[in-house]
Amino acid sequence: MRLKTEFDAPWAYSDRILVLKTGEWRYQRPVVIVSKCCQCGVCYLFCPAGCVSDMGDHYEANLDYCKGCGICARVCPANAIEMVREA
Amino acid sequence: MNIKSTSREIKVLDGNRAAAYGAMLCQPDVIAAYPITPQSEVVETLFSFKAQGLLNAELIEPESEHSAMGILRGASIAGGRVFTATASQGLLFMFENCIHVATQRSPIVMVNVCREVAGPHIVVSGHSDIMMTKGMGWIQLHARSCQEILDLVVMAYRLAEDPQIRTPVVVCYDGWFLSHLWEPVEIPAREEVRRFLPPLETSPKVDPETPMVLGPWISSRPATEYRYKQSAAISRAKVKFDDVDKEFREIFGRGYGGQIEEYRTDGADIVLLAMGSSASTARVAIDRKRDEGLKVGLIRIRMFRPFPKERLVAALRQRKAIGVLDRSVSFGWDCGDLLVDVKAALYNLGTNIPTLNFICGLCDSDITTEIIEGAIDIVGQAAQGKPCEEVTWLDLE
Amino acid sequence: MKPSNFIRKIRNVCPPDCSACEEACAKRIGKLGSVIKANQVRKVDVYKAITCLQCREPECKDACPSDAIVKDEENGLVRVIQEECTGCESCIEACPYGNMLFNSDTSVAFKCELCGAEPECVAACPYGALEFFQGGNIQSYLGDEDFLSPGTRACAGCPGELIYRFTQRVLGSNTVLFGCPGCMTILMTGHETMAGSRLPYVSCLFTNVISTMTGTYRYYHHIGKEANLVAFVGDGCLADIEFQALSAAAERRENIVVICYDNEGYQNTGNQMSSTTTFGAQTTTSPVGGALRGKDYDSKYMPLIMASHDVAYVATASPAYLEDYARKLTKAMKIKTGLSYIHVLVPCPTAWGFPTDKSIDISRLAVETNYFPLWEYEQEKLRLTHEVSLPQTIGDYVKLMGRYRHLNEDELQQLQGLVDKRFTKIKALASLS
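Residue numbers (the numbering used here), protein chains in the order written: chain A, 3 to 89; chain B, 894 to 1290; chain C, 47 to 479.
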């Protein structure tokens, strides 16, 4: 019998984290109108998935993880984000 | 009260106080215990030890036994040595946490002062509490004297914390018959206990410096592996307990024989099996019968879980008849809990030795020498090939 | 990353005839006129900026040929140096939002400059419709590292995930997290050999989170080790099955931080009722049909019950008020004299029945209706941390969610009555302090 578990009880190392490609879930995605983005950071602060990052001249959601909830578009003070349906 | 560091001393203690001394000598880091009759003196004595500066532990009286075991879990997974005491309903209330810590392989030690579970709601001695929870995955040890209670608590830590074992241990003793019995007890020196019990090493453990998850969601294969490992570990405790007993004898000058203790079994045709304080009474009955010329002996089961199958079978294989004293009933089997295990252990022998069951001492009934002698007589009949009732409720005869 | 400060509309409560904001601004700016127009405020939706967004890379600044527009790197404010302005109006054209204004009398450009960080319009509004949003303040509580996995199993738009992620960034690495079965477990607990987050996590039974934490705390205390010990568990656990243990740990003054994410039900198992489910709400165990009309009794108000234990610190929090939450969490982390309890209302799009993008709106309205007032309790004093001028009725809150769709007028009134009664109690306690 070959046992594969490393420990005697269910432990796991915290530096190996489970990352799911939750971008596959969404039915709509945020599209940033770059000229309207003032880089205020509100979308970054309120994104539950924490997938918004600073691209220099605008902020953008990482589409690998963005679940398309639309909160960023809702809280954007500059109307710079539109939710567009996925094909 | 003064506990000597380098020399032993003898005090007259009851079972509960002996347990408290045993725990104190092992210097646990965290103790969380909820009072319940007949265990309350264990808790009270530990608190008084702390008040006198004899015990440097975090002492908590939580609001329930469930939380008591939860607290021990939290301290143990962080690397601490812990202790608690309970009985009856308290043991049942902490049951899910007991199972949980066993699966997480925490080397927790507790004492259970055996008391009947309700109902009827009578606060009396009996084995139903520890029998109904026997499957929780803890090593289960039974004492027959106050000295042994103290010794077993110390041995329990050594056994539980062994890297090959890492399984929690419950030391059981009969409520009132032992918990409130006063006997002379030799208290080891602190220094000796320190030599016997190395410091506890825990890895992995809960620590921000080594971030780990305890309890990720796992699929059936790894979960089954953990069950397998837990089963293998508790089974290893049988031989390990015999070794620990020998080590204990070398340092403290006292040994008990490990998994089972045999009394006058040499050449015995008939053997009685007993567990707990009734074994002390049984010795007197054995002596009387031996004086009458009957070849009878006693095997006391000290380790009930894991079940001492190998040593028991070796000790029983040549006998003509066996009598099992049970202080509980296994509902659905029409007999006591101990009988079920003994018969299962004897099955592969293929010799079909007559094995009779005597249910006695339930609900505070006294097991007297006369009662035991009566049981021996019945087993004697079976040894001669006469047909006998398999199960006798001695208290209702 | 330096989030900006700006003024935004935060409540849709402007009456048709009010121009308090405009008047206050005009008074402050003087002869240039006001940068805020009441009509404009009335028209825009919540969360939209009313005046200058104080852009990180201001177009107006780039367009100005005279270097008359500067950006203060410290506070992010974009300022017009009036003396340098030549009145060329390049900046007015350049601003994508029309937030740069021109005064034709004096021929200078002017804009909102936040009245030196205490905007008059916000103070003047009798309805609390405007908010001076200070993203930098929120950011200042966050460590650099986001310990939580970027791809988690939380529902889209879950404010619980927002709060959990945010909490970890405030707590930092010297933390042990404790959790139990519930919505957040699926984020916390990891899978097979992988963790949910880089912080150490102890998965507990539904019934032994608090006792396990107590044990770890007591052992650490015994060996002189310090760490943040934080439970992140739901209402189903703390208000129901584990209430006994929580109450006892509070009484014993265990130095642990307990965060309750209240989604008013057992959401991970499909929306069964809990003791924090509001009166009237539809759940699977308080269903709506011919014979039943949702939960027919009021909920248990956990935060006040915990405050009655006289614990070291109790606070309520909402995902819409992140700075308020961060401040309270930081306070709780520093408490050494006993248990800290923070009750966060976490609206659940899946069970409460609202679109995923409305999570922050619902979180905010819960506060603005005084259904879920924001307060904190320490050293026997209760203090409201956010006062709502002219609270909205519970009808405004309830109509946004499917779980209350069935409520009739009487039931709505009864719910309003319960909200009022609870808030009156809180106000009375606050006035005693």
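Hints are not guaranteed to be accurate.
Label pairs and their computed distance ranges (CB to CB) [to be verified]:
#, chain 1, residue 1, chain 2, residue 2, range
1, C, Glu297, B, Lys943, 14 to 24 Å
2, C, Glu272, A, Arg4, 35 to 45 Å
3, B, Val1132, C, Gly270, 35 to 45 Å
Computed cross-link-like contacts, DSSO-like style, restricted to lysine-lysine with a CA-CA straight-line distance of at most 27 Å [what the hints assert, rightly or not]:
#, chain 1, residue 1, chain 2, residue 2
4, C, Lys445, C, Lys427
5, B, Lys1098, C, Lys467
6, A, Lys6, B, Lys1122
7, C, Lys467, C, Lys445
8, B, Lys943, C, Lys382
9, B, Lys943, A, Lys6
10, B, Lys1131, A, Lys6
11, A, Lys38, C, Lys473
Simulated from the structure, these hints should not be mistaken for lab results.
From the three backbone atoms N, C-alpha and C, an ideal C-beta is built for every residue, glycine too.
Hints, verified against the model:
no. : hint                               : result
1   : Glu297(C) - Lys943(B): 14 to 24 Å  : holds (20 Å)
2   : Glu272(C) - Arg4(A): 35 to 45 Å    : holds (42 Å)
3   : Val1132(B) - Gly270(C): 35 to 45 Å : holds (39 Å)
4   : Lys445(C) - Lys427(C)              : violated (35 Å)
5   : Lys1098(B) - Lys467(C)             : violated (48 Å)
6   : Lys6(A) - Lys1122(B)               : holds (11 Å)
7   : Lys467(C) - Lys445(C)              : holds (21 Å)
8   : Lys943(B) - Lys382(C)              : holds (23 Å)
9   : Lys943(B) - Lys6(A)                : violated (45 Å)
10  : Lys1131(B) - Lys6(A)               : holds (26 Å)
11  : Lys38(A) - Lys473(C)               : violated (43 Å)
Consistency note: the structure conflicts with the earlier hints numbered 4, 5, 9 and 11.
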